[in-house]
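Enquirer: Listed here are the chains, written in short residue letters.
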Amino acid sequence: MSHQVLDTLWLEERKYTDIIKQPAVRGTVNVLIAFAFFMALWWVFMDPRGYLRWYTPQYGYMYIRWLLIVAIWQVYIFNFWPFKPAWLEKTHPLQKGLIMIGINFAVTGILVWVFYYGIFGKLAIPYFSWPELKKTGLSDFFSREYSSLAILMMAAIASWLSPIWPSAFENYPWHRMQQPGKGFTVLAVTFLFTTYAYFIFMHPHYRVLFYPWQEYTAAFPWWYDSFRTLSGNFNVGWIMCATVSVWLTETILERYPFRLVEKQPWRGLAGFAFILLLAWILFFTFTFMQDMVWGVSVEGAKRLMAPDWRYLHNGELAVILLTVALALYFYFDNWPRKFSTEVNILVRVAIVVVGAWGLHWLYYKFSPGLLGTQAGYSHPQQFPMAPVILFINVMLYHGWFMDCWPGKRIRKES
Amino acid sequence: MAVGTMAGYLGAAGLSSTVFRNQLLPKEKIDQVDIGEIKALKIKVISETSWYDNNVFLNDVKGAGGLLVNQYTIPWTREGVKAGYQGSNLGGFSTYIEATLMDDKVMKIHFDTGWNPAWMEKRFREEGIAEKLAKKEIDFMVQTHEHIDHFFGLEATLKFYPDIPIYVPKGFYQEGFDFLKGKSFPVAGAINNIPHRGKVTVLDSSKVNVLYPGIALMTFDVPIILRVFGEQAFVFNVKDKGLVLVTGCCHQGIISYMEAVRKKVKGGEKIYAVQGGLHISPFEDWDPQYDDLIMAFNKYGVQKIGCNHCTGFITAEKMHKAGLPIVKGTARHMTKRDIYLGNGDELMIA
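Order-wise, the sequence lines are chains A and B. The first sequence: position 376 = 376 (the numbering used here), numbered continuously. The second sequence: position 348 = 1348 (the numbering used here), numbered continuously.
Worth double-checking, as some hints may not be accurate.
[What the hints assert, rightly or not] Here are the simulated lysine-lysine pairs, DSBU-like style, with alpha carbons at most 35 Å apart:
1. K365/A / K1263/B
2. K1241/B / K1264/B
3. K1082/B / K134/A
4. K365/A / K1199/B
5. K1199/B / K1044/B
6. K134/A / K1336/B
7. K1082/B / K122/A
8. K1199/B / K134/A
The set of hints was computed from the structure by calculation and includes no laboratory data. Predicted model, so just to flag it, every value in this text is computed and none were measured.
This is chain A alone, in the form it adopts within the complex (with noise of 0.2 Å):
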C-alpha cells in the first residue's frame, strides 16, 4: 500500500511509445546507443591516447562528477525548469537532448570556474582553486589536481544528499511551491546539508594532504582510529554507496519500503535511514568481500592491500551495481513488473547483482583496450568511477533529457 504522494516529477507523469517493440531488442539497441556516446565522450574528453585527455587523472573525473550532480538538479530539483512540459513533450529528442545536455555542459563549467575556482578558491579556500593553489608555490599540474580532488569530493556528497529531497521528502515543506522558487529552496537547502557534510566528512582529509599538516585549519580525520587509514577515501566509499542506495531506491526499489510510511516527513526521514542503512550493509558487505578475496588490507599498504583503496573500491563497486540497475530501469522497462512488488524487486536484485558481476568482469577485461587505462584492480592514480559514473551520465541524458530515443518516443497526450 501506497501512500499520496506529496509532489511528483515531469518524468513520472510522462508516457512513452514504443518505436522499437520488441522489449529485448529495444533495451539492447538502446544500451549499444548509449554505449556507443559514452565511448565519443570517453575519447574526446578523458582516454589518455585520445584528443583532450582530461583523465590526468582527477581533472576530467572532477568534471564528470558535477555533470552527474547538474543534471540530478535539472531534473529533480528544477523539474525542467524553465521548460514547459508541453515544450517536453513536442520537441525532438535529438533537439531536446542536445539544449538540456548543452546546459548540463555549461552549467558544469560555470560551476567550476566562477564558484570553485573564482569565488570558494580565491575568497574562502584556496585549495578549491587550481590558480590559487598554484600561486602558494605548489607545480601547475598537482594544483589542479589537488583542487579537482576537493571539488570532485564535494560532488560525492551532493550526489548523495540533493536528489534525497526530492525523492525521499517530496520536497516537503517546499513542495506547494512554484517553480523555479522550490528548486531554488531545494538546491540551497541541499547545497547547504553538502557544505556542513563536506567539513566534516572530507575537510581533515586536507589537514594531511599538505605539509606540514594544516593543524589550525582543520580536524584530524577523526575515523583514523577506527578504520585505520587519514585518507578521506574511507568516507569517498561510504558516501558512493550512499549515492548509489539512493538511486537503488528510486529505480528497481521503487522507494519500497519507506514509501509505506503515511506522512510527511516521516516517510522522508524512514527513506533517509532506509538509504544510510542500506548503504553501510553495502559498504560492509564489499569490504568482507574484498577481505576474503585479498586478505585483510594492511595499515600503511599501498594498492591492493591499502585500507583506503579498499575503502575507495566499496564506492566503485556499488557504482558498477548501479550501473545495471539503472540499464534495467531505463532500458528494459524496469522489468519485471507482473508480481507483487516485493517479487519484482527480490527478482530484480538478482538480476543487478548478477549483472554487476558480469559488468565487472568485463571492465577489467577490456578497459585497457577500449578506454586507455592500465590492466590491474589498483592503480594510484586509475579510478573506475571515472568512466563508469560517465557511462550513468549518458544513460540519464539518454533516459531524462532523450525519453530512450530511439527505442521509445513520448506519447503527446500524456
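Once you've looked at the hints, dock chain B against the given chain A.
Expert: Here is chain B on its own, set in the frame of chain A:
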C-alpha cells in the same frame, strides 16, 4: 516470503561482514622459501637524480595529458633547464651492487641503467662502472621496471657491454623489448643505436626467483603511472644481519613489499635494511595515505633505511621525524640533500 528473503539476505550479509567476519575470513597463507645466505653486501648509488626540475617534469606530464599517458609518446624536456645536466632535465637511476657469497665469490650487479645516456655515461665513468662493464666483470643487469628514468639510458650500458645478461619483470611492453633490440623513440628522446645481443630473462610473480644463494628477485604485477606494468626488486639475506631489500622505485609499496617478503621468504619477519627509491612522494606531492605508510613503517623494526630517488624529500623528512633510521648521505654529484643516500654514497652490510 519475498520480504523475508530480502531481509534474510541483507541480515546475513550484514552479520557475516561484521559480527562473524573474523570467523569467516580465510587464514593468512605463509609459504616461505629459504633463499640461502650471503656474507656481505655493498650497495653503491651511481645516480638517484632522475630529473632535476620537478616543475619541468610535471609540465611535460601535464602537457601530454597526465599520469596515464604512454611514456614513449611524451616529448620530455631535454634542453634549456637551468638546474639540469647540460641543460637537459633528464638524469636517471642506477645502482651498483656487490654481493659476497659464502664461498667468497663476489657477484657484481648492474641495477637499472638510468635515463639520459650522457649523464649516465659520466656517472658510470666516475664510479668505475664503465670499466667494469667494458671488462665484462659485471655478472648481470637487473631492469627493475620499464620507466623512462630507469630504462631509457640503456645505450650508456650497451655501449660498454652490449651482450650483458638482463633480467626484466613480466609486464614489459613491446616497445621495451623493441628498445632493447635497438629501436628508438625520437619523440620521447629514447634513443638506442646499440642492439642488445645478450640473454634477456623475463621473471614473473609466481615465485621468489632465487638467482644465487642469498640473492633473490621478487616480481610484482602492478600497473604503474605513464603506462608501465610490473616491477621487481631484490631480497638479499646477509648472514647474522637479516634480509636487505633493494628497490628501484618500489611502486608495489614498501609496506606491501615487506608484507610479501614476510609471507614468502624465510626470515621475512626480520628485515634488517631497505635501500633505494620508495616511491612515496616523488614529485614532492602528498596524500594522507603516505602518512599511513610512515606511521606503519615503524612497526617493522627495520634498522637501516637508505632511501633516495622517488622517495621524496618530504617523506624522508617525515620518516626522520618519526624516528625511522634514515641513513644520511653526502649530497654530492647533483644529489640535492644529504637526507638521501645520494649519488656516490655507499651502504655496507656485513
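Enquirer: Evaluate each hint against the coordinates.
Expert: Hint by hint, here is what the structure shows:
no.: 1; hint: K365/A / K1263/B; result: 29 Å, holds
no.: 2; hint: K1241/B / K1264/B; result: 18 Å, holds
no.: 3; hint: K1082/B / K134/A; result: 21 Å, holds
no.: 4; hint: K365/A / K1199/B; result: 32 Å, holds
no.: 5; hint: K1199/B / K1044/B; result: 25 Å, holds
no.: 6; hint: K134/A / K1336/B; result: 23 Å, holds
no.: 7; hint: K1082/B / K122/A; result: 32 Å, holds
no.: 8; hint: K1199/B / K134/A; result: 48 Å, violated
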